[in-house]
Amino acid sequence: MWHWITLTVFSLTLLPAGLALLTGHLPHRLRARLAPARPRGWALLLLWAAAPLNTIPRLADAPYAITLAATATAGALAIGGCTLAAAAALRTPKATP
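Residue numbers for the sequence shown follow the numbering used here, beginning at 1 and rising by one.
Simulated from the structure, these hints should not be mistaken for laboratory data.
Bear in mind the structure is a predicted one, so any value in this text is a computation, not a measurement.
In this text, a Cβ means the ideal position worked out from N, Cα and C, and glycines have one as well.
Certain hints may be false.
Unchecked claim - Computed Cβ-Cβ distance ranges for the label pairs, DEER-style:
{"id": "1", "residue 1": "79", "residue 2": "13", "range": "16 to 22 Å"}
{"id": "2", "residue 1": "69", "residue 2": "15", "range": "22 to 28 Å"}
{"id": "3", "residue 1": "61", "residue 2": "91", "range": "39 to 45 Å"}
{"id": "4", "residue 1": "26", "residue 2": "58", "range": "32 to 38 Å"}
{"id": "5", "residue 1": "89", "residue 2": "24", "range": "32 to 38 Å"}
{"id": "6", "residue 1": "6", "residue 2": "68", "range": "16 to 22 Å"}
{"id": "7", "residue 1": "76", "residue 2": "13", "range": "42 to 48 Å"}
{"id": "8", "residue 1": "62", "residue 2": "15", "range": "18 to 24 Å"}
{"id": "9", "residue 1": "87", "residue 2": "19", "range": "18 to 24 Å"}
{"id": "10", "residue 1": "67", "residue 2": "30", "range": "36 to 42 Å"}
{"id": "11", "residue 1": "2", "residue 2": "92", "range": "30 to 36 Å"}
{"id": "12", "residue 1": "27", "residue 2": "67", "range": "36 to 42 Å"}
{"id": "13", "residue 1": "66", "residue 2": "90", "range": "35 to 41 Å"}
Build the full structure now, drawing on both the sequences and the hints.
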């Protein structure tokens, strides 16, 4: 039950936000705050991809080896998404007071 809830929440939040950032469909007031939008979009999509990789093998009652490999891949994608989000945050121009 919790796997379905997590997959639904991640799909309803991270997937549309990631696609919007990746394609550049941002409100004008947020364009300055989310300056490198494409890397942030890729970061959100990598974080979203970790959710299905972690839940679908468990929901399908896949063998242990497949579940372990999918979970390890999901962890690698999550680390990549966090790294990309941190790199995008470092590339953001700093506001001067």
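Hints and how they fare:
In this structure the supplied range 16 to 22 Å holds for residue 79 paired with residue 13, their Cβ-Cβ distance being about 20 Å. Between residue 69 and residue 15 the beta carbon distance is about 23 Å. The supplied range of 22 to 28 Å therefore holds. Our hint of 39 to 45 Å for residue 61 and residue 91 holds, since their Cβ atoms are close to 43 Å apart. Here the CB-CB span from residue 26 to residue 58 is close to 35 Å, well matched to the stated 32 to 38 Å.
Distance hint check: the CB atoms of residue 89 and residue 24 are about 18 Å apart, inconsistent with the given range 32 to 38 Å. Judged by the Cβ atoms, the range 16 to 22 Å given for residue 6 and residue 68 holds: they are separated by roughly 19 Å. Under the hint 42 to 48 Å, the C-beta atoms of residue 76 and residue 13, about 22 Å apart, miss the expected range. Under the hint 18 to 24 Å, the C-beta atoms of residue 62 and residue 15, about 23 Å apart, fit the expected range.
The hint said 18 to 24 Å for the Cβ distance between residue 87 and residue 19, and at roughly 20 Å that hint holds. A C-beta distance of roughly 38 Å is found between residue 67 and residue 30, which places it inside the suggested range of 36 to 42 Å. Take residue 2 and residue 92: their Cβ atoms lie about 35 Å apart, and the range 30 to 36 Å holds. Distance hint check: the CB atoms of residue 27 and residue 67 are about 40 Å apart, consistent with the given range 36 to 42 Å.
Distance hint for residue 66 and residue 90: a CB-CB separation of about 36 Å, consistent with the stated range 35 to 41 Å.
In summary, the structure is inconsistent with hints 5, 7 from the numbered list given earlier, while agreeing with the others.
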